[in-house]
Amino acid sequence: MQEVEQLIALERRLTDDERLFVLEHYQEGANCDNAAMGAFFTPGGLARDFAIEVYSGCDTIVDLCAGIGSLAYWCEDKARKLVCVEQCAEYVRVGRKVMPDAQWIHADVFGDWIKDFDGFDCAISNPPFGNRVKGATFDGRYTGSTFEYKVIELASRIADYGVFIIPQPSAPFAYSGTQFYQPRMSTDCRKFVEQTGITMEPNCGIDTALCRDDWHGVAPICEIVVCDFEAIEQEPVRQARAEAVPVPVAQLDLFAAAA
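Sequential numbering of the sequence shown, starting at 841, is according to this note's numbering.
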């Protein structure tokens, strides 16, 4: 981490090799309690494969629960503009060095930051898994407690298309680490689909189990799901108001006043 911190402290723009070094060697639990936040960063190989499912030629892409920009890094040539939303100030600090051309928003993902945007072509996310992180400010059709479903529903209201990394039990199928594709749906998954009308489709054949040992501190079996949101009947976005703070022209930081 010492060399990572030295790179982050540089006043100049990092080279591509330096950006990759930070992504590969930064430890998400070094300066904050990442387990409590459910923050486990996407391994580089998985993030690179994930980008296959993101359309090229987008005008705007939003990375929800962006961490330090692992997914955004591999999608930066897919869109004219990238927006990264992250609640942890430490991750935003690092992310602004990794992804200096992205617009970083330091805010609760379910806050009112969206009021400053007209929507996005694509939403991407590796959100916290399960119900340890509550997402108390979420207001949507889904009434369960699974955080990744809340993020996907938010994405459905602000983007035309979405690509997400979720734990295998939350997906309506199993592919990674198995011999063949197996449709299956948990009770909570069925509840999410029925309440929101969102369909989570399989990817082009990415086996995330190949990267299972590359995570920091965990070894989850995940799936990459893709969602076409354009056909869904939508309600207006109803998000909790965030505390008002000064908004810089280049970067938004909705937690700056409280930091």
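Heads up, a few of these hints could be off.
Claimed, not checked - Straight-line distance between alpha carbons at most 30 Å, and here's what the computed DSSO-like set of lysine-lysine pairs gives:
(1) Lys921 to Lys937
(2) Lys921 to Lys955
(3) Lys937 to Lys974
(4) Lys937 to Lys918
(5) Lys937 to Lys955
(6) Lys1031 to Lys974
(7) Lys974 to Lys955
(8) Lys918 to Lys955
(9) Lys955 to Lys1031
To be clear, the hints were calculated from the coordinates, so they are not data collected in a lab.
Here is how each hint holds up against the structure:
1. Of the pairs offered as hints, the one joining Lys921 and Lys937 holds, with about 16 Å between alpha carbons and a cut-off of 30 Å not exceeded.
2. Restraint check: the Cα-Cα separation between Lys921 and Lys955 comes to about 17 Å, which is no more than 30 Å; the hinted pair holds.
3. Between Lys937 and Lys974, the direct Cα distance comes to roughly 29 Å. Compliance with the 30 Å bound is thereby established for this hinted pair.
4. At roughly 19 Å between alpha-carbon atoms, Lys937 and Lys918 fall within 30 Å of each other, so this suggested pair holds.
5. Between Lys937 and Lys955 the alpha-carbon distance is near 26 Å, which keeps this suggested pair within the 30 Å criterion.
6. A C-alpha spacing of about 18 Å is found between Lys1031 and Lys974, which places the hinted pair at or below 30 Å, so the restraint holds.
7. Between Lys974 and Lys955 the alpha-carbon distance is near 23 Å, which keeps this suggested pair within the 30 Å criterion.
8. Taken as a hint, the Lys918 and Lys955 pair is honoured in the structure, with Cα atoms around 24 Å apart against an allowance of 30 Å.
9. Between Lys955 and Lys1031, the direct Cα distance comes to roughly 29 Å. Compliance with the 30 Å bound is thereby established for this hinted pair.
Violated hints are absent here; each numbered hint is respected by the structure.
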